[in-house]
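There are 2 protein chains.
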Amino acid sequence: MKTEGMIYGIGVGIGDPEDITLKAVKCIKESDILILPSNDPEKCRAYRIAKKSVPEIEDIETLALEFEMVRDENVRAKNHRIIYETAKKLVSEKKTVSFLTIGDPALYSTYSYIADLAQKDGIKTEAVSGVSSITACANRLGVTLCDAGTQLHVIPDTEDIEGMLELPGTKVLMKCGRSISVIKEKLKGKRVSVYAVENCGMPEEKCYRSVDEIPDSGSYMLTVIVKELG
Amino acid sequence: MKTEGMIYGIGVGIGDPEDITLKAVKCIKESDILILPSNDPEKCRAYRIAKKSVPEIEDIETLALEFEMVRDENVRAKNHRIIYETAKKLVSEKKTVSFLTIGDPALYSTYSYIADLAQKDGIKTEAVSGVSSITACANRLGVTLCDAGTQLHVIPDTEDIEGMLELPGTKVLMKCGRSISVIKEKLKGKRVSVYAVENCGMPEEKCYRSVDEIPDSGSYMLTVIVKELG
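Sequence lines, in order, name chains A and B. Numbering of the first sequence is given in my numbering, commencing with residue -17 and proceeding in unit increments. Numbering of the second sequence is given in my numbering, commencing with residue -17 and proceeding in unit increments.
Just so you know, these hints were derived from the structure itself, not from any lab. One or more of the hints may lead you astray.
[Claimed, not checked] In silico DSSO-like links for lysine-lysine, alpha-carbon gap of 30 Å or less:
1. A:K34 x B:K33
2. B:K168 x A:K33
3. B:K33 x B:K76
4. B:K102 x B:K60
5. B:K102 x A:K11
6. A:K172 x B:K8
7. B:K60 x A:K8
8. B:K70 x B:K8
9. B:K102 x B:K170
10. B:K209 x A:K157
11. B:K102 x A:K170
12. B:K11 x B:K25
13. A:K188 x B:K11
[What the hints assert, rightly or not] Listed below are several chain A residues computed to face chain B (Cβ distance under 8 Å; list not exhaustive):
14. A120
15. A130
16. L169
17. G171
18. S175
19. S199
20. S201
Yeah, the Cβ is synthetic: ideal placement off N, Cα and C, and Gly gets one too.
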C-alpha cells in the first residue's frame, strides 16, 4: 500500500500475453485491488490475458462490479457512478485501485468514464497504454495499416458504414461481429482489400484474408481491416 | 542464431521505455543484427528508447542504412529495395534481422515496405506490436480518445485538414509539427477541445491543453488530439 490512493486504468493488449507492456506488469503488481466485471475473474477476458504474463495477479484482491455496456445512456451513467463511488471509497483508504482494459484504456474502455469522474474530484489517475486491436490485428495478419501519408479511420460497431467506406485511406471496424453480415454485403464489389481477425492473440484466434472467408456469424471480438488497393 | 533467418519489425513505443512490450524485449534479445538509419545508434530514436529497457541491446551488432523518408516515391522505393536486399542477404545467412520502429510497425514505418518485399520472396517476417502515439499521447494527458460509439480518425502530417475536422468523432493529427501554425489557425473558433503532446514519453516532453498553448514552432514529433465537445 502506498501513502496515497489512486486509480490505474491498465491496458493489457488484446490477447497475446506477451503484448503486455513492462509498465502494465509493474502497475498490476502495485495494485491493492482490481475492480472486475465478474465474481469469477476467469470470466474477465482482460484478467485472463494478464494472468498469463503476471501470475502474481492471483494474489491481488479482486472486487466484482457489474460494468457491462448497456445501450441506455442514463443506465450506463448510473452504473459508472456506482463503480466510481466504490473506487473512490477505496482510494480514500489509500488503496491503489486498478481497472484492467482490453487493448488500450483511451479507446472504448469503462475505465475512461471512471477516470473522468475521479479527475473532477481531484483523485489521481493514470492510464497505462496497451497494444490496441487496431494494430495488433494488422500485425497478426502481416499487413501494413498505413504507409506514409495514408489516413486511418477507426469505426466502432455499426451497420452504417456506407459513408465510412468512401473515406480515403485505411478503415478498421472494431468489435463488429454483430454486424458482420451487413458489413460483408456492403464490402462486396468494392475495389478494396479486406482482412479480418477474430479473437486476435487468443487460443481460438482466426484470420481471414478476403470478404468471402469471413463467416456470417462469429465472435463479437472481430476486427475488420479495409485497405485501398495499392 | 536460429536455424532459419527471418525479419522482425519491432515496435518500441514512442518514448517511455516502460511502454515496450514483453514480446518486443524478447525479440530484440533474439536478434542477430539491427538495421538502423544511422552509423551512430544514439541518433536513432527507437534505439535510444529500446536501450533504456533492454540494455543488452548494446551487445547486438548494428548495421547503418539510410532510410529517411523522402517525398519522391521513386527515390523512396529505390531506397527500400537497397535496404531489403541487404536484409535478404543476411536472412540467407540464417540471421534474425530486426528493424526497430517508433510506435507500432503497422503505422507509418519503414519496416512495412521491407516486409512487403520480403513476403513476396517468401521470407518469414513478424511485426511485433507496440504502443502507438495515438493512444500514448491521450493517456499521457489523461484524456479519453473515444467513448463507446465514437469514431477515431488518424491523419498524418498535412496542412489540408479542413475536411477532416468535419468528420464525426475524435481526430488525431500525427507528427504534425511542421504544419502546426496552419493547423492552429484552422482549429481556432471551432467548437472542439484541443490537446497536444510534443515528444511524448521523452525527457523533453511537453503537454498542451488548448490551441493557444501549442507553440507555432516546435518538434516534428507533435501529436494533436481534437475532440468534439461532450
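Among the hints numbered above, which are violated by the structure, and what are their numbers in rising order?
2, 5, 6, 7, 9, 16, 17, 18, 19 and 20
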